[in-house]
Structure formats: C-alpha cells, structure tokens
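Chains as they are written, first to last, in this note's numbering: chain R, 1 to 195; chain E, 1001 to 1195.
Note that these hints are calculated values from the structure, not bench results.
Owing to the predicted nature of the structure, the values given are computational and were not obtained by experimental measurement.
Possibly wrong hints are sitting among the right ones.
[Said to hold, decoys possible] When the alpha-carbon atoms are kept at most 25 Å apart in a straight line, the in silico PhoX-like pairs for lysine-lysine are as follows:
#1 R:K154 to R:K91
#2 E:K1030 to E:K1154
#3 E:K1154 to R:K30
#4 R:K91 to R:K125
#5 E:K1160 to E:K1091
#6 E:K1154 to E:K1091
#7 R:K154 to E:K1154
#8 E:K1124 to E:K1154
#9 E:K1030 to R:K154
[Said to hold, decoys possible] So the derived label-pair ranges between C-beta atoms look like this:
#10 E:Q1080 to R:R90: 46 to 54 Å
#11 R:A108 to E:E1055: 16 to 24 Å
#12 E:E1194 to R:D106: 27 to 35 Å
#13 R:A6 to E:A1159: 50 to 58 Å
#14 R:E38 to E:T1102: 31 to 39 Å
#15 R:H70 to E:H1162: 47 to 55 Å
#16 R:L23 to E:E1055: 33 to 41 Å
#17 R:L58 to E:Q1078: 34 to 42 Å
Using N, Cα and C, we set each Cβ at its ideal position, and we do this for glycine too.
2 protein chains.
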Amino acid sequence: MSESHAIPGYAYGNVSQTTPLSLEELDLLKQTVLFSPEDERFLHLAGEVLGDQTEAILDVWYGYVGSHPHLLHYFSLQGQPDGHYLSAVRKRFGQWIIDTCTRPYDTAWLAYQQEIALRHHTTKKNLTDDARAEPIIHLRYILAFIVPLTLTIKDFLAAKGHNAETVAGMHAAWFKAVTLTAVLWSYPYVHTNEF
Amino acid sequence: MSESHAIPGYAYGNVSQTTPLSLEELDLLKQTVLFSPEDERFLHLAGEVLGDQTEAILDVWYGYVGSHPHLLHYFSLQGQPDGHYLSAVRKRFGQWIIDTCTRPYDTAWLAYQQEIALRHHTTKKNLTDDARAEPIIHLRYILAFIVPLTLTIKDFLAAKGHNAETVAGMHAAWFKAVTLTAVLWSYPYVHTNEF
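Could you build the full structure based on these sequences and the hints that come with them?
Below, the structure is given as structure tokens:
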C-alpha cells in the first residue's frame, strides 16, 4: 500500500475513532444485507477488475455530481466550487473503491468508515482539506448515492470479459458493500440509541 | 382501491403528517437516485407483474426475517414474537409493494412514507396494532433492508415472461424506488437540519 500514503488525508489504519458497531453487530448487519463469504470472493475479484479503471469510474461519478447543482453544492461555498477540495476528495474516493473491494471488514475498516462519516458530517466537514464548502452533506444524499454508485459500476465490472454470471456476482457483492458502507456513514447523523 | 380500506391500519390518503421534503426537494432526491419518467413506466409494469405475487414475495421476506433472530427481535418483546403484529404488518407490507409501483410520488405519498417512518420509530412504534414489541426498529436495519428487498424481487419480476432487458428495467426502477423510500423512512431518526 506504499502509494496510498501519498494520498493527502488518507488515514486508513491511522484513525482511532470509536466505531459505532462491534464486530458482532457488524456481522449481524452483514447478514442483513445478505453478505456471504462468496460475496467477499466476488469483491476481491471486483478489486482486480476495477483496479486500473478507477479514473474512468471517477470521471463518471464526478460528471454526475458536476452536472447536478444540488450535489456540487456540498463541494462549494456561496455557489463557488472549491477545486482543491474536489480534487483531494477524488483521490481518496478512488482509493475507497479499491479498499471497499480488498480490505477485510475489521475494526480498522470500521474505524475508517467512521472517520469518513465524520468528514461528511459537521463534526469534521472541510477540516481534512481546509475546504471552503458547505458545513455538512445532508444524509439523504449520502444514502441516495447507493443507487448511482451501484448502477454505474456494472459496465466497469463487465469490461474485462467475465461471463454474465460472474459480473452479476461481482455486482451484487458491490451493491451489498456500498449499502453496508452507507449505513455506517449515517451514524453521526442519527439520534443516540436509534442507529 | 376499495379492498385496501379493509387493511387495518392502512391509512394512505388519510394521514396529515408534515412531510420532511417539499415536492421540489423530492424531485432533487429523485434526480440523485437517477429516477426518470422511464422508471415510472417500468414501475407501473412491475406493479402489474407483482400484483398477484405479493403473498409469495411476503413468504420470502417473512422467511428471511423469521430466520434471523436479530430481525424477528423487532416484532417481539422479551424474545416473544407478537403473531398478531406480524400478521397485521404483513397485510400492509403487501399493499406497500403495490403502492410503491403504482402510486404517484406526490404529497399524499410523502405523507404516508412519513407515517410509516414514525411507525418504525419510537414516535409511533406498536401503536397502530397495539403490538407487544420492541419500542424502535434501529435505523441500520431499515437501511440495510434495501438489499434484500431489491435482490429478492428479481425472480418475481421475471416470472411473467418479460425479456431480460425489460426485467432489468423494472428491477432498476424498483431499486431506485426502494432506496428513495428507505431514505424517507430515515427522517425521524436524524438530527434536526441534518437530513
């Protein structure tokens, strides 16, 4: 992972956030999204398939954000997008694709999801990149992102010639992983004891 | 909809909940989940396809809840499932499948999603059915349900002989609708101004 250390603000393994769930509770959540050892294998394969396509994926996602003023809003202050912030987040977003596919979902993974969650929330928004932008990303859009992040990945999963069944397996595993992640990212927004 | 009035606690069109979003904000949320007029047409078709399969779908969903103690928990008090509650919810859940496919996403729809949200939350949990059960469904499971509700519907969408492209279209539309709904159901759990 030596190249990862070159990504500013990428603190995987170096955050000590209290995680919202224990590993036992995470396991129940994984059961709820039907996440099995087979999904883990499909995700690892997806990591191989997507590894050299992250820039193209980010082009799609950034095109989508950039073409929707209500989303670009969260990278902006008083209507002025912060280019440095957009570009700093983009590097970490690319690494997130790979991490989602290849990292074990353990305590370090949970802690970094919590760190990302806090960076969306007022708690830590804008701090990492010294950004000039809105003080929070509203939760409804974090959750709604499950859809574009899931639907737009399919073509990239299919781009390396795997058969339809394997692509569908990778796609379902990705969908489960993205939903799991979005659930964890909701934690700072939710009333105590209601998460 | 005359038969719908026979479902105890089904109050579509008869609730006056303040909705968390205006129609303009709902439109932005629909854009975020890539929900288009084409999805609306696919959802209507899905409503026709699923209309006589709701009991079979509910068998799958209830089998899934019943086989996971951490989910059955929310229909139970001190480990004792409330059969009357399970059965009352089941009837409304079947109607929800149809409503999700066929109702216009207007103010009445928003108001009823808010009513359902409050019935999951401490605000109104157990009141409608006089249930003996846990006082809240934790948000993480409401959100996690996006996955099983989406993945398990595919076979039912394919059961009436539509071609693969049409089934995929109905499936994507259903995924968007379920995610949209889950987002709205999160509202009572979220800090003021963070939704």
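Here is what the structure says about each hint:
no.	hint	in the structure
1	R:K154 to R:K91	holds, 21 Å
2	E:K1030 to E:K1154	holds, 22 Å
3	E:K1154 to R:K30	holds, 21 Å
4	R:K91 to R:K125	holds, 17 Å
5	E:K1160 to E:K1091	holds, 23 Å
6	E:K1154 to E:K1091	holds, 21 Å
7	R:K154 to E:K1154	holds, 17 Å
8	E:K1124 to E:K1154	violated, 32 Å
9	E:K1030 to R:K154	holds, 21 Å
10	E:Q1080 to R:R90: 46 to 54 Å	holds, 51 Å
11	R:A108 to E:E1055: 16 to 24 Å	violated, 45 Å
12	E:E1194 to R:D106: 27 to 35 Å	holds, 28 Å
13	R:A6 to E:A1159: 50 to 58 Å	holds, 51 Å
14	R:E38 to E:T1102: 31 to 39 Å	holds, 35 Å
15	R:H70 to E:H1162: 47 to 55 Å	violated, 34 Å
16	R:L23 to E:E1055: 33 to 41 Å	holds, 37 Å
17	R:L58 to E:Q1078: 34 to 42 Å	violated, 50 Å
Of the numbered hints stated above, those contradicted by the structure are hints 8, 11, 15 and 17, listed in ascending order.
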